[in-house]
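Chain order of the listed sequences is A and B.
Take the first sequence: its position 14, counted from the start at 1, is 14 in my numbering, and no numbers get skipped.
Take the second sequence: its position 127, counted from the start at 1, is 127 in my numbering, and no numbers get skipped.
Be careful, since some hints might not be right.
[Claimed, not checked] For lysine to any residue, the following SDA-like pairs were computed, each having C-alpha atoms within a straight-line distance of at most 20 Å: (1) B:Lys60 <-> A:Arg224; (2) B:Lys69 <-> A:Lys99; (3) B:Lys69 <-> A:Glu225; (4) A:Lys219 <-> A:Leu276; (5) B:Lys66 <-> A:Gln283; (6) A:Lys99 <-> B:His75; (7) A:Lys219 <-> B:Lys60; (8) A:Lys141 <-> B:Lys55; (9) B:Lys55 <-> A:Arg411.
[Claimed, not checked] Label pairs and their calculated CB-CB ranges: (10) A:Ser143 <-> B:Lys25: 30 to 40 Å; (11) B:Leu54 <-> A:Arg289: 40 to 50 Å; (12) B:Pro16 <-> A:Ser143: 26 to 36 Å; (13) B:Leu54 <-> A:Val197: 55 to 65 Å; (14) B:Lys15 <-> A:Glu281: 45 to 55 Å; (15) A:Leu434 <-> B:Pro16: 37 to 47 Å; (16) A:Asp213 <-> B:Asp40: 50 to 60 Å; (17) B:Val95 <-> A:Asp254: 21 to 31 Å; (18) B:Met28 <-> A:Val247: 28 to 38 Å; (19) A:Pro427 <-> B:Phe63: 29 to 39 Å; (20) B:Pro16 <-> A:Met221: 35 to 45 Å; (21) A:Val98 <-> B:Glu76: 16 to 26 Å; (22) B:Val95 <-> A:Thr21: 43 to 53 Å; (23) B:Glu76 <-> A:Leu204: 52 to 62 Å.
Just so you know, the hints here were simulated from the structure itself, not pulled from any lab data.
Where is the CB? At the ideal position from N, CA and C, for every residue including glycine.
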Amino acid sequence: MHNLNQPDMILGLSPVWFAGTLFVVTYVLIVTERLNRAIISMMAAALMIVSGVLTQEAAVQGVDFNTIGLLTGMMIIVGITRDSGVFQYLAIRSAKVVKADPWGILVMLMLVTALLSALLDNVTTVLLIAPITLLITDTLKISAYPYLFAEIFASNIGGTATLIGDPPNIMIGSATGLGYNDFLFNLAPISILILLVSMVPIYLIWGRHLTADPKLINKVMQYREVDAIKDWVLLKKSMFVLTLVMVGFIVGHDYGLQPATVAMFGAALLLTLNCLPHDQEKQSKMVARSLCDVEWITIFFFIGLFILVYGVETTGILEALAHKVLGLTGGDKTITAISILFVSAVASTVVDNIPFVATMIPLIKNMAPSLGGAQELVPIWWSLALGSCLGGNGSLIGASANLIVAGFAERSGQPIRFLPFMMIAFPMMLLSVLISSLYVYFRYF
Amino acid sequence: MKASEVMDPNPTTLKPTDSIECAAKYIMERRYRSLPVVDDNFCYLGMFGVNCLLKQVIPKAVFMDKGLKNVSFIHESLEDLYQRFSDVKDQPISVCMTTEINSISPDTALTDTLLQLYETRASIPVVEPGTCKLLGMISYWDIGDKIMQTGVAENA
Chain A
1 MHNLNQPDMI LGLSPVWFAG TLFVVTYVLI VTERLNRAII SMMAAALMIV
51 SGVLTQEAAV QGVDFNTIGL LTGMMIIVGI TRDSGVFQYL AIRSAKVVKA
101 DPWGILVMLM LVTALLSALL DNVTTVLLIA PITLLITDTL KISAYPYLFA
151 EIFASNIGGT ATLIGDPPNI MIGSATGLGY NDFLFNLAPI SILILLVSMV
201 PIYLIWGRHL TADPKLINKV MQYREVDAIK DWVLLKKSMF VLTLVMVGFI
251 VGHDYGLQPA TVAMFGAALL LTLNCLPHDQ EKQSKMVARS LCDVEWITIF
301 FFIGLFILVY GVETTGILEA LAHKVLGLTG GDKTITAISI LFVSAVASTV
351 VDNIPFVATM IPLIKNMAPS LGGAQELVPI WWSLALGSCL GGNGSLIGAS
401 ANLIVAGFAE RSGQPIRFLP FMMIAFPMML LSVLISSLYV YFRYF
Chain B
1 MKASEVMDPN PTTLKPTDSI ECAAKYIMER RYRSLPVVDD NFCYLGMFGV
51 NCLLKQVIPK AVFMDKGLKN VSFIHESLED LYQRFSDVKD QPISVCMTTE
101 INSISPDTAL TDTLLQLYET RASIPVVEPG TCKLLGMISY WDIGDKIMQT
151 GVAENA
């Protein structure tokens, strides 16, 4: 950590109190959503520096560029790949595979959503799947609600399965050195089980009642999914690069390649392949468009948040909190892991899981000496990942993807309301966390 | 010159309670592109036109914000489109009229009026400042006529 030379007093407060207060106020502002979250976190980061809690050099060092690079690289790759129409092809093909049977479509869309969420990010996935879902349900003249509900669940569960599936996993992987394969071997099996179990209540509540007119089913069967592919050349290039990137994630860890390097290299390669045949003016436009596909609000939210949390960390608050948590759990590793699993799930239901995980990472790292070293923390990292990702299913505001889907539902005239959603989603989320706690207990203790 | 000098002070209007089918027939028969919608007090509420009709016959998932950009895999017949239209034809036009077209005041300068006409690519309502009262409409044809008449007068 940097030698910070923090001032004795900031606006009449000690650095500990100033940073703690700034942290709490920032959290409250993020929850209230009165101001864009990127503005809030950038302002908080700036205040950390202006007040002297951090120097600018220290602030830059607090930013996890592995997370930023991985997110940015994947956003560029997905943005270009999307233009090929391959994701629409997948969704339509999956509906036709089950002969456009309404329950079959729901299952297939859940599987596709989960798979894409594991390989891409959740928000991108639901942005691709939700419009197709609305088109299919509109054609079949059936309610889109069960489908959109199921897709919210599938996106958060699928995102849990891999290092790149959900921002909390990216952050945990980056902070701990756990690689793509570690996430895949430890979280994918339980994610698949939870996905299958989640289909049971969805079937009992909605699935068994889903029916459609055979004439309308025939209309869905007449969709020509091959026509959804707009650019075969781009499709080939995109699939080539995506495959390389996935291989890079799987084997790169052994060669010291961080996920950010792999993702950024993939983005640069796809941009090159895509732009090379065109003149300079067209290339500039294509690159500008690809960079526009990056969700800069999310990126700057992350940057500000990393600086804010690093500032709080330097004051020693998180270390003290870690000791308090260990005091509450009696220093027992199992109790600590299970507690973190449930607390992070409930917390992620009500607050954005990104700032929560950003805070928990240094807090958990501070537990290492008391729990027997960094290696002993591994089950706790899995608990944090499971809790923070699955917790997003607990309420409509639990994850960004939930709100995106809710927006589509609203625009289609079939709104997903906060309380009715939570009445079903929260118990289902608790069920998934209960399964996860059993998994953590029996596998790691 | 100001907008009030080139506007049509007696435009054809629709009521928000008119059915979509009724309004559609009206604008189709007279080849209107869009018409203003006003209430009983002649307060301007929005515009209803061919774009609103197109939205009714194409799947909702296409026109919504962040909707489908690529629909080349859907192959529909005229019957399919009419079926979708018939689902909404009895609804009032208020459910699909657009309120996004900016209105201008009667004092708006001619050049500014032309620029807004160019950017909007549709007829523009002229509304009394401080109220919502529709004073008239300005279309490409109104302005074009005025310009051409000026040319005829000068040559004479």
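Structure-based check of all given hints:
Between Lys60 of chain B and Arg224 of chain A the CA atoms are separated by roughly 19 Å; this keeps the pair inside 20 Å, and the hint holds. Between Lys69 of chain B and Lys99 of chain A the alpha-carbon distance is near 25 Å, which puts this suggested pair outside the 20 Å criterion. With a C-alpha separation of about 14 Å, the suggested pairing of Lys69 of chain B with Glu225 of chain A holds against the 20 Å cut-off. A hinted pair counts as satisfied when its Cα atoms are at most 20 Å apart, and Lys219 of chain A with Leu276 of chain A does not qualify at roughly 40 Å.
With a C-alpha separation of about 25 Å, the suggested pair Lys66 of chain B and Gln283 of chain A falls outside the 20 Å cut-off, and the hint is violated. Distance restraint check for Lys99 of chain A and His75 of chain B: the Cα-Cα separation of roughly 18 Å lies within the 20 Å cut-off, and the hinted pair is therefore satisfied. Annotation: proposed proximity of Lys219 of chain A to Lys60 of chain B holds, straight-line Cα distance about 16 Å (limit 20 Å). Our distance criterion of 20 Å between C-alpha atoms is met by Lys141 of chain A and Lys55 of chain B, whose separation comes to about 17 Å.
Under the criterion of a C-alpha separation no larger than 20 Å, the hint pairing Lys55 of chain B with Arg411 of chain A is consistent with the structure, at around 13 Å. For Ser143 of chain A and Lys25 of chain B, the hinted distance range of 30 to 40 Å is satisfied, since their beta carbons lie about 32 Å from each other. In this structure, Leu54 of chain B and Arg289 of chain A break the distance hint of 40 to 50 Å, their C-beta atoms being roughly 27 Å apart. In this structure the hint that Pro16 of chain B and Ser143 of chain A lie 26 to 36 Å apart at CB holds, the actual value being about 28 Å.
Against the hinted window of 55 to 65 Å, the Cβ-Cβ separation of Leu54 of chain B and Val197 of chain A comes to about 44 Å, which falls outside the hint. Range check, Lys15 of chain B to Glu281 of chain A: about 50 Å between beta-carbon atoms, so the 45 to 55 Å window is met. At roughly 53 Å, the beta-carbon separation of Leu434 of chain A and Pro16 of chain B lies outside the given 37 to 47 Å, and the hint is violated. The hinted range of 50 to 60 Å is not satisfied by Asp213 of chain A and Asp40 of chain B, whose Cβ atoms lie roughly 42 Å apart.
Remark: the range hint 21 to 31 Å for Val95 of chain B to Asp254 of chain A is contradicted by a beta-carbon distance near 59 Å. Between Met28 of chain B and Val247 of chain A the beta carbon distance is about 58 Å. The supplied range of 28 to 38 Å is therefore violated. About 36 Å separates the C-beta atoms of Pro427 of chain A and Phe63 of chain B, a value consistent with the hinted range of 29 to 39 Å. A C-beta distance of roughly 40 Å is found between Pro16 of chain B and Met221 of chain A, which places it inside the suggested range of 35 to 45 Å.
Against the hinted window of 16 to 26 Å, the Cβ-Cβ separation of Val98 of chain A and Glu76 of chain B comes to about 22 Å, which satisfies the hint. Distance hint for Val95 of chain B and Thr21 of chain A: a CB-CB separation of about 49 Å, consistent with the stated range 43 to 53 Å. Between Glu76 of chain B and Leu204 of chain A, the C-beta spacing of about 35 Å breaks the proposed range 52 to 62 Å.
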